[in-house]
Structure formats: structure tokens, C-alpha cells
Amino acid sequence: MKRTSAFNVVSVAFGLAFLYLPIAILVIYSFNASRLVTVWGGWSLAWYRELLRDQAILDAAWMSLRIGALSASAATVLGTLAAVALTRARRFRGRLMFSGMVYAPLVMPEVITGLSLLLLFVATGVDRGFWTVTAAHTTLTMCFVTVIVQSRLIGFDRSLEEAAMDLGCPPLKTFLIVTLPLIWPAVAAGWMLAFSLSLDDLVIASFTTGPGATTLPIRIYSQVRLGVKPEINAICTIMIAVVALATIVSSLAAKRGATRRAREGLGVQV
Amino acid sequence: MSARGAGKRPGGGRLVVLIPYLWLIAFFLAPFVIVAKISLSQTAMALPPYTPVLDLAAGWAGLKQFAAQLSLDSYALLASDELYLRSYLKSLEIAGVSTVLLLLIGYPLAYGIARSPRGLQPLLVMLVVLPFWTSFLIRVYAWINILQRDGLLNDVLMRLHVIGAPIAWLSTDTAIYIGVVYSYLPFMVLPLYASLEKIDPSLLEAAADLGCPRWKAFWRVTLPLSWPGVAAGALLCFIPITGEFVIPDLLGGSRTLMIGQTLWTEFFSNRDWPVASAIAVALLALLLVPILFYERLQKRAIGETP
Amino acid sequence: MESGAAPLVRFEAVSKRFGALTAVDALSLDIAKGEFFALLGPSGCGKTTLLRMLAGFETPSEGRILLNGADISTMPPHLRPVNMMFQSYALFPHLNVEKNISFGLRQEKVSRREIAARLEEMLALVRLQGYGRRRIDQLSGGQKQRVALARALIKRPSVLLLDEPLAALDKKLRTETQFELMELQRKLGTSFVIVTHDQDEAMTVADRIAVMDRGQLAQVGAPSDVYEHPASRWVADFIGEVTLIEGRFSAPGIMQTLIGQLRVSDTGVPLGETVWLGLRPEKLTIGRDKPAGDVNAIAGTLHEAGYRGDMSIYKVRLGDRSLMKVAVANTGARQHSFSAGDVVWLSWPSDAGMVLTQ
Numbered sequence: 001m002k003r004t005s006a007f008n009v010v011s012v013a014f015g016l017a018f019l020y021l022p023i024a025i026l027v028i029y030s031f032n033a034s035r036l037v038t039v040w041g042g043w044s045l046a047w048y049r050e051l052l053r054d055q056a057i058l059d060a061a062w063m064s065l066r067i068g069a070l071s072a073s074a075a076t077v078l079g080t081l082a083a084v085a086l087t088r089a090r091r092f093r094g095r096l097m098f099s100g101m102v103y104a105p106l107v108m109p110e111v112i113t114g115l116s117l118l119l120l121f122v123a124t125g126v127d128r129g130f131w132t133v134t135a136a137h138t139t140l141t142m143c144f145v146t147v148i149v150q151s152r153l154i155g156f157d158r159s160l161e162e163a164a165m166d167l168g169c170p171p172l173k174t175f176l177i178v179t180l181p182l183i184w185p186a187v188a189a190g191w192m193l194a195f196s197l198s199l200d201d202l203v204i205a206s207f208t209t210g211p212g213a214t215t216l217p218i219r220i221y222s223q224v225r226l227g228v229k230p231e232i233n234a235i236c237t238i239m240i241a242v243v244a245l246a247t248i249v250s251s252l253a254a255k256r257g258a259t260r261r262a263r264e265g266l267g268v269q270v
Numbered sequence: 001m002s003a004r005g006a007g008k009r010p011g012g013g014r015l016v017v018l019i020p021y022l023w024l025i026a027f028f029l030a031p032f033v034i035v036a037k038i039s040l041s042q043t044a045m046a047l048p049p050y051t052p053v054l055d056l057a058a059g060w061a062g063l064k065q066f067a068a069q070l071s072l073d074s075y076a077l078l079a080s081d082e083l084y085l086r087s088y089l090k091s092l093e094i095a096g097v098s099t100v101l102l103l104l105i106g107y108p109l110a111y112g113i114a115r116s117p118r119g120l121q122p123l124l125v126m127l128v129v130l131p132f133w134t135s136f137l138i139r140v141y142a143w144i145n146i147l148q149r150d151g152l153l154n155d156v157l158m159r160l161h162v163i164g165a166p167i168a169w170l171s172t173d174t175a176i177y178i179g180v181v182y183s184y185l186p187f188m189v190l191p192l193y194a195s196l197e198k199i200d201p202s203l204l205e206a207a208a209d210l211g212c213p214r215w216k217a218f219w220r221v222t223l224p225l226s227w228p229g230v231a232a233g234a235l236l237c238f239i240p241i242t243g244e245f246v247i248p249d250l251l252g253g254s255r256t257l258m259i260g261q262t263l264w265t266e267f268f269s270n271r272d273w274p275v276a277s278a279i280a281v282a283l284l285a286l287l288l289v290p291i292l293f294y295e296r297l298q299k300r301a302i303g304e305t306p
Numbered sequence: 001m002e003s004g005a006a007p008l009v010r011f012e013a014v015s016k017r018f019g020a021l022t023a024v025d026a027l028s029l030d031i032a033k034g035e036f037f038a039l040l041g042p043s044g045c046g047k048t049t050l051l052r053m054l055a056g057f058e059t060p061s062e063g064r065i066l067l068n069g070a071d072i073s074t075m076p077p078h079l080r081p082v083n084m085m086f087q088s089y090a091l092f093p094h095l096n097v098e099k100n101i102s103f104g105l106r107q108e109k110v111s112r113r114e115i116a117a118r119l120e121e122m123l124a125l126v127r128l129q130g131y132g133r134r135r136i137d138q139l140s141g142g143q144k145q146r147v148a149l150a151r152a153l154i155k156r157p158s159v160l161l162l163d164e165p166l167a168a169l170d171k172k173l174r175t176e177t178q179f180e181l182m183e184l185q186r187k188l189g190t191s192f193v194i195v196t197h198d199q200d201e202a203m204t205v206a207d208r209i210a211v212m213d214r215g216q217l218a219q220v221g222a223p224s225d226v227y228e229h230p231a232s233r234w235v236a237d238f239i240g241e242v243t244l245i246e247g248r249f250s251a252p253g254i255m256q257t258l259i260g261q262l263r264v265s266d267t268g269v270p271l272g273e274t275v276w277l278g279l280r281p282e283k284l285t286i287g288r289d290k291p292a293g294d295v296n297a298i299a300g301t302l303h304e305a306g307y308r309g310d311m312s313i314y315k316v317r318l319g320d321r322s323l324m325k326v327a328v329a330n331t332g333a334r335q336h337s338f339s340a341g342d343v344v345w346l347s348w349p350s351d352a353g354m355v356l357t358q
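Top to bottom, those sequences are chains F, R and U.
If you're matching positions, the first sequence starts at 1 in our numbering and goes up one per residue.
If you're matching positions, the second sequence starts at 1 in our numbering and goes up one per residue.
If you're matching positions, the third sequence starts at 1 in our numbering and goes up one per residue.
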């Protein structure tokens, strides 16, 4: 399966180009001095300066970051619990319904999820705003965390957990000091995925938000409907840079962490 | 052997299940019940903009009065007005065609990655996934930049003298297809890659040994074995695309209304919550079979009951 | 095992079912204090399931397990005074050697000084002094095994369970480690229960062996008992090599078989009943001439001769087309030089065979 042919190289190259070209264009044109996409006016940071003066967008970005971090953390905890429940607890009442509910948000159209959550909040009389969006995002993203952590848990060597229990470690402690340290890359990947999904979401945030809780996508969307604005290119470029940086940093940190541990032979403090 | 190990002790074990379970019941299941109920309600110039409103304090009599006021008016509207029917069909059409396009583009890409040197594969997979981690909105927006009347595509095509005047790429089905394929490609490539990567290379060697030419080995061995990936990728794309809102809204025109847009309009513009709810319920009913099929696939993939 | 002493471990009619499959079938067994006990049997016989029930990773479907008289059948593994050495070693990859070995002690409220002292003791016991700070992935297979052993022994359990511990080692290392384990067991006085499919291993290390077949006990006894006095044809065939000859006692001490009339020591088996005579290859003598004396003698044609270094193995075809296996130690050079097709005489005294009734 490993013989590369010209066709394979071409298809991979074409596919990746297709994926990155529009983004590359967007990034480049954020530095375009001219307003028009078809005219290249030279390199300029004008739009970034415009962006910094746009308080509305900056507020929205800050709102999105806070909602993202909070909902990602909650989703990671809940999603990991759900993954553990599905892989460890063999039979419990309502398991079928549980797994159905866990996997459904993966495919459910967002308009349906968004609408249903909004109606819930209205029916229960909850004021819509920061907390409702956070709760909505948590519900949406926890299933992604579950899928990632679950696939890691399935391949996990159960005899390590059995050895820990055999040596006197109760099940909960075993999970915390043996299993979790060894699956944390999957948990971290789940957090990052949940964070970017939250940062990115337009539909559900639109349904479940309230006054004073405008997220960045909502802000961008309202401006985009009026036409292409170069400041949008600028904010998009910044977001891309942030995500790319975060991905690079986290993968470097994972690698460096592993080499450091190898050199010092340190162990986890129990 | 260790797959049948003893589970956690009852006390702690139940809590592990209970916490996410309760959350999901509260924030996933209950909302759907409410949507169903609202779809049976009627619009009202009130806050909330529907009636009847369930008042538990009114007791049993209140409940009976409540039930009596429920109606299927919204569903009747859906069935009678051609607009809704066309939206549903349009959505299914776009989702179906997009899924096929995604397969045509995604399969060679996934296959190419699976056949590249082992060490390179994680990097390639990450490159495919990375755009997905940037904003969905951004990526759709990027296409607006390219496809708009005075955008890049027209500019390039005109300079190459392929066309004489700028073409309106936006506000067409074509633009929607481009946007959908672009945004959902990782959802197709990842499951495909996962199942292609698992295929034992010695199977293809055996086929060659038995006299099978490369293309035939692909058709007879690789393709059938990658079927779980194909099914997973197709469902993972088809189902959400049906309810897509952002892409048709930004890239499509006012003539091509997908059901997601219809729902949004009913809700935000017309403030007709019961009809919007009815649309959602009908959409869910439409997608129920694919969703259940997908769940079965998920369970089979992780080794539970078929 | 001293008669009258209470057993350390008792399995009382223990069964374990997985759905439609019965892995262990109403099995009763005692294991004594200070004994090196082996569970031996082919794949799927239930020996590993039995071990895991003792460790606490499986709960018996029926029956009870008693440890020092107390019923531990449903006790979770982390509360049992039983420790296990896993087949894959199951060393924690994110902890170093020290932290792996002392893991069990750190779950109890043991003082740091005590932990350090016992750690030193264990490292010396398994000859890994100075390896404390190493990471697990820096160790060889044999070293990993010793860490796993130290980790399981540091808590001074009543019973140490070993799940096919030597399967991953090469032959020489395996033999060395077998003797190390025996020495360790004698020194510590802890009961060891080892699961293995390798009968040589079981015979070497164990004080007593339980031979299992499809969830049930075929025989329990000391190695010499199981080898010299197997309870059934199956056991005779599973442990070591054997040639089985079917026949009937026509008179006390005289057995009628397809290869002729044989003299067999009287065992009180009723006349006329079908029995089998089991002959171990090393108990037979092979020669060119018909042997004199009061022995059983059969002529046959040499079918195959194999040289194994320490022994020569001969396969001889008898009159009824059956093959009989003979093993002769190569005590001196040029003792026997047979080739295929030669006519040879096999002989054995009347007490050399084992009479098997089932």
C-alpha cells in the first residue's frame, strides 16, 4: 500500500492546494493596500489598524475566546466521562439512549440543535446571553471529545489498570493516576477541537445568544452580509494565525515534554 | 482477555455515567421535546410568541386545556405550501450531489495519503485537518473573495481570455457546491483515510500474486474494504449538509432556498416559532433513518453490537 | 502439603460462564501455604480464567473462593492481599523503575522511610540495584520482568500469581529464570501460583500441578505423580510422550492386545474390561537381538531415527501398523546405529507401563 505513484502525489497536492488556496488568498489580501480584490495596491497594515479601532469586533473576539475556553473545558470533562462510561461500564439501563444522545450532535444539523436549545431557554425562562451560549456550545462539542477519547481508550492496555488495582489502587484513583496521564494527548486534542468548534460556531450562537453577548462569528456574519470588507480579511488572518500557532506550540510541547521526561527519568508524583 | 475485566464499583461507576447522562437529557433530549410541543402550538403576539404556554401550576385542568389548544396547523402549512416542499427537495438534492462530489474529490486525496510514506502520513492528515480548525465562516468568506463579481476568479479568467465579461459566480448553486465541498472535505477525508489506512498491504500483494492487475485489485479488494469509511464519510457529510444554513445564505441566491435558510427566515424574520419548529421536526423525521444508520456504523466501528 | 493444615486458597465448586461459553466448570481445588503451584493445560482450558478469579478481575458465576478461610469471591482486586505478575508485565510507562516497584506501597499509608527500605530490599532481591531511576522503555525484556516481579512482591502478598511469566523469554533465559523463581519462592515462603501451557516449565518449578482440560480438573498432584501415574489417557498424552496400547486383561497380569500378549503388573483391574497400557519412550529398550529374560519383547521395523543431542528418538513400526516411540539417552558414542528399515526389538519389564482405565 506504500508505493507512491504520480497519480497519488498529484491528487494529494491538488487536494491540499484546493484546501489552502482560498485561505492563502485571504491572508495575502489582508495586507493589500487597495480595497479591491482585483487590484494590488502594495503591502499595507492599514486594515489591521482599522481593526484595532473597531471596538465592536474586539469585544466580540474577547467574548468568543471566553466562551470557547469555558465551554471547551466543560465539554472535555463531560465528554471524557461519557467516553469512560461507554467503554468501561458494560451494561447499564438506558445505554442505548445514552450512546444515541452522545453521537447525535455529530451529524445533527445545527439549525435544529440551535432552535431546540433556544426554545428550552425560553420555556424555562432563562435569560439568554453568555451562559446560554456556553451551555449550548458545551452540549454541541462534548460529543466530539467523546469520539476522540473513546477511540484512544479502546486501544488502551487494560492490563495497566488491572495492575494498578491489583496493587491496591481503587478504580477512581487508578483512572486519575494511571489512565489519564497516558491518554492525555487525546483529551488535549479533544479540548482543542471543542475550543475551535466553539470559536467557529455561528448558527447555534445566533439562536442562543442574548444582548451583550455577541460572538465573533456573529459579528463577522453581520458585516459580511453587507459585502466584503478588508478588515474582515484582517481579523480572519489573525484567527488563522492564532490557531496555527496554538497547534504548532501544542505539538512542540508534546514532543519536548516527552524528551525532557526521558532525560530526567522523572515520574508522576503520586 | 482483558476486555472482560471487572467494571468499576457500583457507586463511583454510576456517577461516571450519570453526570453526562443528566446533562444530555437536560440539554439535548428535553429541547427536542419542547420543539415538538412548539410545533403543535400557534403563533401569538406575546412573549413568548406562541400559545398555549404550559403552566404547571394550573394543575390537571390546566393540562387538559393545554392539550386541547395544540394543533397540527403548522404541519398543515408545511404540507400545503409549495415553498417548504421545494426547500426540502432542494436540500436533499444539494446534499446528495455534494456528497458524491466530496467522494470524488476526497477518495483520491485519502487514498493518496494512505499510500504515502508512513512517516509523512500524520503530517499530511494534519494539513488536511488544519483548515477545519480555522473558522468555518472564514473559509466560506474566503470563497466570497474569490467568487464575487469583481473577485479573483473572474479576474484570472478574464486575464487568460477564457471569458469576456465577469460571470456572476455567487448566488448560484455552483457557488453553494464549491462552498460545501470545500468546507466538508475534512469530514469526508478523515473517515476514508482511517479505513484505507487499516487495510493490510499483504492483501494487495496476494491479489497481485494471484494475477490481478493494479486497477482490478483496487476495484475488487481496496474499494470493498474501504466501504465502512465511505459510508461513515458520506453520512457525516450528507446529514449536516441537508440542514446547512451559512453556506447557502452567503454563497447562494434568493432563489435557491435550502431548508436551513427557510427555518432561519421563519424564526428570525417572520417570528413564526411554531412553523420553524414544525420544519425542524419534519427535517429530523426525514434524517432519522440516515442518523440511525450512522449510529449503527459508529457502534460497529468501536466494536459493539452490530 | 501437611495433612490437616488448612489450605491457603480454596476454590469451592467454582464455575465461570461468559454467555454461552463455560470457561471453568464446577472446579474445586486447594492450594497450600508456601507451595509453588502450577495451573497447566492447553489454550482455552480455563487456567487463566481461574487465575483472574483469584486476582479479582473476574467474579465466579457459581461457587466460592476462600483465602485463609475468608470468602473473597466478590472482593474487588484492590482490596485483596493477592498480587499478580502480568504476562505483558504491565509496567506503567509514565513512571520509572522505582515508582513502578513502590507503586503498591504508596497506595497504603506507609512511611517514606519504610518505602525506601523495602525498595532497596526488592531491588537487591531481583538484582536490579542502581536501576531505580531508569525509565521503563530503557529496559531489556528480562529486566522488565524483574521489575514486574519486584512490584508484585513488595507488598508481601499471601499469594503471588504469575500469568505465563516466561513466555516471552528465549530458552536459556527461561531455564535460568525458572530456577531463580524457585529459589525466590523458597526464600520468601510465599505461595506462588503459576499459569503455563509449557509442561516442562510446570514440572520443573512446581511442588504440585493441576492439569486442566476444558474448564475441569483432569488431575492434581506432584509432578512425579502426574507423570508416572496419570489419571487418564488425556493426561498421559498431555504430559510428556506416551504410546497407548488398547487391550483387555484375560488373566491377572496378562493383557491381550493387537500387538500380542503382554505381561503387565497386576493392578486389580477387572478382567475383560477395556484398558490402555501407556508406555513412556524412555522406559523402552531398543536392540537388534531379541532380549532374554522375563520382559515383554516386540519386533518391529525402524521407521525414523532422530538425533536430539542429549537423546536419540526412534519411531518403530509394529505388526499392526502402529508406531511406537523410543527415547534413548546418548550415554556413549556409537552405541546404537540403526537405519530406517532395520528390524529391531523393543522390550520393557512388566512394571514399566501405566495401566489407564479412562
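These are computed hints drawn from the structure, not numbers from a lab.
Values in this document were obtained by computation on a predicted structure and should not be read as measured data.
Among the clues, some could well be false.
[As the list claims (entries may be wrong)] Once the Cα atoms are required to be at most 25 Å apart in a straight line, the calculated DMTMM-like pairs of lysine to aspartate or glutamate come out as: (1) Lys290(U) / Asp320(U); (2) Lys37(R) / Asp127(F); (3) Lys229(F) / Asp155(R); (4) Lys229(F) / Asp173(R); (5) Lys144(U) / Asp127(F); (6) Lys173(F) / Glu108(U); (7) Lys216(R) / Glu205(R); (8) Lys325(U) / Asp225(U); (9) Lys325(U) / Asp200(U); (10) Lys198(R) / Asp157(F); (11) Lys33(U) / Asp200(U); (12) Lys172(U) / Asp213(U); (13) Lys173(F) / Asp320(U); (14) Lys33(U) / Asp289(U); (15) Lys325(U) / Asp289(U); (16) Lys173(F) / Glu114(U); (17) Lys299(R) / Asp127(F); (18) Lys229(F) / Glu205(R); (19) Lys325(U) / Asp294(U).
[What the hints assert, rightly or not] If you want the ones that stay clear, here's a sample from chain U, every Cβ over 10 Å from chain F, calculated: (20) Pro42; (21) Gly56; (22) Leu79; (23) Met84; (24) Leu91; (25) Glu108; (26) Ala152; (27) Lys172; (28) Glu273; (29) Leu323; (30) Met324; (31) Phe338.
[To be verified] Here are some, though not all, of the chain F residues that point toward chain R, as calculated from beta-carbon distances under 8 Å: (32) Gly15; (33) Ala17; (34) Leu65; (35) Ala69; (36) Ser73; (37) Ala85; (38) Leu117; (39) Val126; (40) Val203.
We put the beta carbon where it would ideally sit given N, CA and C, even for glycine.
Quick rundown of the hints versus the structure:
Between Lys290(U) and Asp320(U) the CA atoms are separated by roughly 19 Å; this keeps the pair inside 25 Å, and the hint holds. A hinted pair counts as satisfied when its Cα atoms are at most 25 Å apart, and Lys37(R) with Asp127(F) qualifies at roughly 21 Å. Annotation: proposed proximity of Lys229(F) to Asp155(R) holds, straight-line Cα distance about 18 Å (limit 25 Å). Distance check on the hinted pair: Lys229(F) and Asp173(R) sit about 24 Å apart at the alpha-carbon level, within 25 Å; holds.
Taking the CA atoms of Lys144(U) and Asp127(F), the gap is near 59 Å; set against the 25 Å cutoff, the hint is violated. With a C-alpha separation of about 13 Å, the suggested pair Lys173(F) and Glu108(U) falls inside the 25 Å cut-off, and the hint holds. A hinted pair counts as satisfied when its Cα atoms are at most 25 Å apart, and Lys216(R) with Glu205(R) qualifies at roughly 13 Å. Note on Lys325(U) and Asp225(U): the hinted pairing holds, with a Cα-Cα distance of about 22 Å set against a maximum of 25 Å.
Distance check on the hinted pair: Lys325(U) and Asp200(U) sit about 19 Å apart at the alpha-carbon level, within 25 Å; holds. For the hint linking Lys198(R) to Asp157(F), the alpha-carbon distance of about 20 Å falls within 25 Å, and the restraint holds. A distance of roughly 23 Å separates the Cα atoms of Lys33(U) and Asp200(U); the hinted pair therefore holds under the 25 Å criterion. Note on Lys172(U) and Asp213(U): the hinted pairing is violated, with a Cα-Cα distance of about 29 Å set against a maximum of 25 Å.
Of the pairs offered as hints, the one joining Lys173(F) and Asp320(U) is violated, with about 67 Å between alpha carbons and a cut-off of 25 Å exceeded. For the hint linking Lys33(U) to Asp289(U), the alpha-carbon distance of about 53 Å lies beyond 25 Å, and the restraint is violated. Pair hint Lys325(U) plus Asp289(U) holds up; C-alpha atoms about 18 Å apart against a cutoff of 25 Å. Between Lys173(F) and Glu114(U), the direct Cα distance comes to roughly 22 Å. Compliance with the 25 Å bound is thereby established for this hinted pair.
Between the alpha carbons of Lys299(R) and Asp127(F) the distance comes to roughly 38 Å, so the proposed pair goes past 25 Å and is violated. About 55 Å separates the Cα atoms of Lys229(F) and Glu205(R), which puts this hinted pair outside 25 Å; it is violated. For the hint linking Lys325(U) to Asp294(U), the alpha-carbon distance of about 22 Å falls within 25 Å, and the restraint holds. Every CB of chain F is more than 10 Å from the CB of Pro42(U) (nearest about 22 Å), matching its label as outside the interface.
Consistency note on Gly56(U): stated as away from chain F, yet its beta-carbon is not over 10 Å from all of that chain's, at 8 Å minimum. Here Leu79(U) does not stay apart from chain F, with its beta-carbon only about 8 Å from theirs, under the 10 Å limit. The non-interface label for Met84(U) is inconsistent with chain F: the shortest C-beta to C-beta separation is roughly 5 Å, within 10 Å. With a cut of 10 Å on Cβ distances, Leu91(U) falls inside the contact zone with chain F, its closest approach being about 8 Å.
A cut-off of 10 Å between C-beta atoms contradicts the statement that Glu108(U) is not in contact with chain F; the least separation is 6 Å. Its beta-carbon lying about 8 Å from the closest one in chain F, Ala152(U) breaks the requirement of being farther than 10 Å from that chain. With a closest Cβ-Cβ approach of about 27 Å to chain F, Lys172(U) is found to remain outside the 10 Å limit, as its non-interface label requires. With 10 Å as the threshold on Cβ separation, the claim that Glu273(U) sits away from chain F holds: the shortest Cβ distance comes to roughly 49 Å.
Chain F leaves Leu323(U) outside its interface by the beta-carbon criterion, the shortest separation being 43 Å against a cut-off of 10 Å. Non-interface status of Met324(U) relative to chain F is upheld: no Cβ of that chain comes within 10 Å, the nearest being about 45 Å off. Listed as outside the interface, Phe338(U) is consistent with that label: its C-beta sits roughly 51 Å from the nearest C-beta of chain F, beyond the 10 Å cut-off. Annotation: interface hint on Gly15(F) holds; nearest CB of chain R at approximately 4 Å, less than 8 Å.
Among the interface hints, the one on Ala17(F) is violated; its C-beta lies about 11 Å from the nearest C-beta in chain R, farther than the 8 Å criterion. This hint is violated: Leu65(F) has a C-beta 13 Å from the nearest C-beta of chain R, more than the 8 Å allowed. Against a cut-off of 8 Å between C-beta atoms, the interface hint on Ala69(F) is violated, since the closest Cβ of chain R lies about 15 Å away. A distance limit of 8 Å between C-beta atoms decides the matter here; for Ser73(F) the minimum to chain R is near 14 Å, and the interface restraint is violated.
Proximity of Ala85(F) to chain R holds as hinted, the smallest CB-CB distance being about 4 Å (cut-off 8 Å). Against a cut-off of 8 Å between C-beta atoms, the interface hint on Leu117(F) holds, since the closest Cβ of chain R lies about 5 Å away. Restraint check, Val126(F) versus chain R: the minimum CB separation of about 12 Å is more than 8 Å; hint violated. Restraint check, Val203(F) versus chain R: the minimum CB separation of about 6 Å is within 8 Å; hint holds.
Of the hints listed earlier, those the structure fails to meet are numbers 5, 12, 13, 14, 17, 18, 21, 22, 23, 24, 25, 26, 33, 34, 35, 36 and 39, in rising order.
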